[in-house]
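*Asks:* Start from the sequences, fold in the hints, and give me the full structure.
If you read the protein sequences in the order shown, they are chains A and B. So the number in the working numbering is just where the residue sits in the first sequence, counting from 1, plus 28. So the number in the working numbering is just where the residue sits in the second sequence, counting from 1, plus 28.
Since the hints were derived computationally from the structure, they do not count as laboratory data. Even glycine gets a Cβ: it sits at the ideal position worked out from N, Cα and C. Treat the hints with care, since some could be wrong.
[To be verified] If the Cβ cut is set under 8 Å, some of the chain B residues that face chain A in the computed set are:
id, residue
1, Leu35
2, Tyr68
3, Tyr70
4, Gly93
5, Glu96
6, Leu97
7, Leu98
8, Met99
9, Val102
10, Val103
11, Arg119
12, Phe124
13, Glu182
[Said to hold, decoys possible] Here chain A is said to cover these stretches of chain B; the calculated rule only asks that three of the stretch's residues, wherever they fall, bring their Cβ under 8 Å from a Cβ of chain A:
id, segment
14, 134 to 146
15, 166 to 180
Below, each chain spelled out in residue letters.
Number of protein chains: 2
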Amino acid sequence: MRYTEYLLPTLKETPADAEVVSHRLMLRAGLIRKVAAGIYNYLPLGLRSLRKVEQIVREEMNRAGAHELLMPMVVPAELWQESGRWQQYGRELLRFKDRKEADFCLGPTHEEVITDIVRHEVRSYRQLPLNLYQIQTKFRDEIRPRFGLMRGREFIMKDAYSFDLDDAGADAAYERMYQAYRRIFQRCGLNFRAVEADTGNIGGSSSHEFMVLAESGEDAIVSCDSCEYAANVEKAELRAPATDEPTPTEGLKKVLTPARKSVEEVAAFLNTSPQKLVKTLIVQTDKGETLAVLLRGDRELNDIKLCRLLDCAWVEMAGEEVVLKATGAPSGFAGPVGLKLRILADREVQGLADFITGANEKDAHFTGVNLGRDFAVEAFADLRKAVAGDACPRCEGRLQIWRGIEVGHVFKLGTKYSEALNAVVLDDQGRERVLVMGCYGIGIGRTLASAIEQNHDADGIIWPLPIAPFEVLVVMLNPNDAEVKAAAEQLYAELLGEGVEVLLDDRDERPGAKFKDADLLGIPLRVTVGARGLKDGQVELKERAGGAVAMPAVVKAAEDIAARVRSARVHG
Amino acid sequence: MRYTEYLLPTLKETPADAEVVSHRLMLRAGLIRKVAAGIYNYLPLGLRSLRKVEQIVREEMNRAGAHELLMPMVVPAELWQESGRWQQYGRELLRFKDRKEADFCLGPTHEEVITDIVRHEVRSYRQLPLNLYQIQTKFRDEIRPRFGLMRGREFIMKDAYSFDLDDAGADAAYERMYQAYRRIFQRCGLNFRAVEADTGNIGGSSSHEFMVLAESGEDAIVSCDSCEYAANVEKAELRAPATDEPTPTEGLKKVLTPARKSVEEVAAFLNTSPQKLVKTLIVQTDKGETLAVLLRGDRELNDIKLCRLLDCAWVEMAGEEVVLKATGAPSGFAGPVGLKLRILADREVQGLADFITGANEKDAHFTGVNLGRDFAVEAFADLRKAVAGDACPRCEGRLQIWRGIEVGHVFKLGTKYSEALNAVVLDDQGRERVLVMGCYGIGIGRTLASAIEQNHDADGIIWPLPIAPFEVLVVMLNPNDAEVKAAAEQLYAELLGEGVEVLLDDRDERPGAKFKDADLLGIPLRVTVGARGLKDGQVELKERAGGAVAMPAVVKAAEDIAARVRSARVHG
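*Replies:* In structure tokens form, the structure reads like this:
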């Protein structure tokens, strides 16, 4: 491709509203442009990389025995009503009416549509196992779309669905997908980790997320420093703490803590550490209950664990008004002593004595608070978020914390959708059996963005070669120098002839501007054709990653470079 | 691909609601399944052919110098408001609000979005010419979706947009697209014709449609039997009739025509031919006007020509109530004599004398009606539809009529969108110039359906090889015969090794059922591996088109077949 004929608008300035590096670099390198909140155009360069990720995904899905099909983006309400998600799914499901006032939604995921296909077309166990996938545009009306392609509203996803006669078959399908996902992200050149995860909106019995490790990741994940255990922090189980019976030594005492509301403020004011406090969170559920949850002062509540305990869809911190009504005090001073709410506590609280809590009174806390003696807890459970150094739940190791970006998610769905939609087959005895399902998603655009989060420097993107928009950039230093122009054109033609994907920077720009753009675009190999090198019959070959420089002879540069590119391509 | 592992549900019965052959065969051959009115799943086999059409389109667009990008399906109202189409476009534009009550639509076409990209990213004439395209899912909320993929609501389209500095550049871009379209439909193996067409909803100064010729086509097209002239019948100009001054010989006379309302009924009752009648159509426009249009009795009104004359968006036949009010009689008896409406007439009426019209009175007509003497016409114009045998507007030839399916449409847009959105560049003198645009669409799914309309027989589809889902079908006649099974498996493996796309029918079914499905699926080459042939060391090779049979030796069958496939593939 010739730069002068291409639409490749790079930006010198950092766009104001781009918060994460992949978003900034995708805008600056001319890969995407915003159309509306969470809705983007893929410009030609961005689309090239997107298609490469798609193709890697497609090849590995096909290799794993899955079959590609294509379902519609506009889905009739009936199917979602049958599964019950028309009512349950929140406002991320964009619902609308067509001109005949019939209800439709933009599909955010396609369990219902695929199950509808399979219940009509698959009747016998002999048609199983079956794994069907699509690579398709989806829409989720996120309340706060952000970070460019990382959390968009319209996005491209690969979603696969497996159908089996029994759990053993479904487990095998899950394992095949798990291995296919490992190959996909390896082939994309990404540093990732598969972790145990919560099943959320999709449902099912268990799931793994594939996380690309990056500082900017929205998700925290834990992994053990000595065994294979890894999980989303939301999901991470914690080993039950050693049960030291706590021994009260102090009496309950009210102390004034004027205007000190946060754990840190109270601890500092009372000259102690946050670990000596027990915080009392007043929480509301989607079912309308208000309750109190106790955690050690330095811990954070894990919403997901609490929801699982309460069997509810979501919890949120109560607002000022509810707190005042429930505790008699403004927020910041809640405590369990005398509280007229159901009280749950993290297991860790069970081992504490003589701790500090709010006194349910403005500007006051209690010290010397003790379980049993001063208040009662209905249940203790694992309710806190894991932190670095926590004991591994599986071995004697310690947990580490990483930041990650979820790029893939595999679920064992069980019979949630096949039961709701009555997707059954006859087994070899002629008995009806409800299909056992799995579902498997990859965010294609998000994979691209996460590759940039993981592979960049201050100057721009550093593409892994398998998903780079072009493999080689030929910089023609001065297009007005006939010799330079001829040599660069010839090299360009030779590389194309070798089957290399090459961008020729034939613009009439200063060398500095061309090199700056080259670093920004991040094409793995840069070949500079200039008058100085040509005097010695050489061109300059520079690797974007690492910056290693070589000076191959111009006469055999194309051959050398093509050989390097071929060896760097991952054929899987 | 092994049939037993694939999702390929063929139907023996003809689906009840499928009116055209492509719809019936796409359902029966397991290519598509309906999700809702005008919304379909592409099953694996259908998607394979769809992707082949896409790939041919992509290759030819790239060869023509166009660059692929990808715009969103969900488009903010603002852009459509800027062009004015938010108001003008009918209810086919599906409008909805997101969770924040912002207005969006599902893009039925992307002139606004692409013009928005270009006005931001293209500033100089040096960035021109530019042609950008996408292959993308679109939605039009058709009032009457029908014929399967032929007139769906959600559909896949290739839409390209060219941007040039001046009309000469735009004309060259149009010509490049016109030639690319010819190559695309040639490579797809289709019999098509490019015809002059109306610009409709999209606008612009001129356009061509690419029509696949098929009896079932929704469009009628005309072509000259001696020159290159061809046009959609909506657009087809007619040569002005020779101006014989008509000579009245009869007096105006009212005759009773009890319950005779149609032209045919009245002509038969009065023992004359429809050509002796002039019919009076009472018509209403979108601007609220009611007027009368006169045509010779055997002619049909061309709505598009009337709209162009009246500069309105649509016209419709007036309802019973309006006719009664305007003429004083029920419909079927309207006539120009004494009519208090604006009267327009087709030019042909100008040459008629002593004709028959309605009398604006129930059960009565006039005979001996004459222009000028009995009533006045405001204007004569070309308002009728062309019919076979009409004179060519360009030469001395005669027009023929064909049925066709519109699969592509190219438009010279001029500055309609670039002016509305202020898409300007600086020319080499530093002056601002409004970009001159073209747009170019291909219905990908409709191309597939039209290929079937044109290539089928009573038994099923007859795919042109370049867009067939598989190139070769290997039928393993009896999978329980070890020798047959081994030979078929080996042939299958050898063909895959040769790079041939092959489907292996390894089902345990009767030969008759397998041959029936083979004919239905329409894969170009069928190889049957059976015990009888193997005795002589042969397999049977049958062409789906034409039915020619050969008996190659099994040992060199793969090589022979691969050679045939390679020569049949169109490399463009």
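*Asks:* If a hint holds in the structure, say so; if it does not, say that too.
*Replies:* Hint check:
| no. | hint | verdict |
| --- | --- | --- |
| 1 | Leu35 | holds (6 Å) |
| 2 | Tyr68 | holds (7 Å) |
| 3 | Tyr70 | holds (4 Å) |
| 4 | Gly93 | holds (7 Å) |
| 5 | Glu96 | holds (6 Å) |
| 6 | Leu97 | holds (5 Å) |
| 7 | Leu98 | holds (4 Å) |
| 8 | Met99 | holds (5 Å) |
| 9 | Val102 | holds (5 Å) |
| 10 | Val103 | holds (7 Å) |
| 11 | Arg119 | holds (5 Å) |
| 12 | Phe124 | holds (4 Å) |
| 13 | Glu182 | holds (5 Å) |
| 14 | 134 to 146 | holds (count 4) |
| 15 | 166 to 180 | holds (count 3) |
Hint compliance for this structure: no hint is broken.
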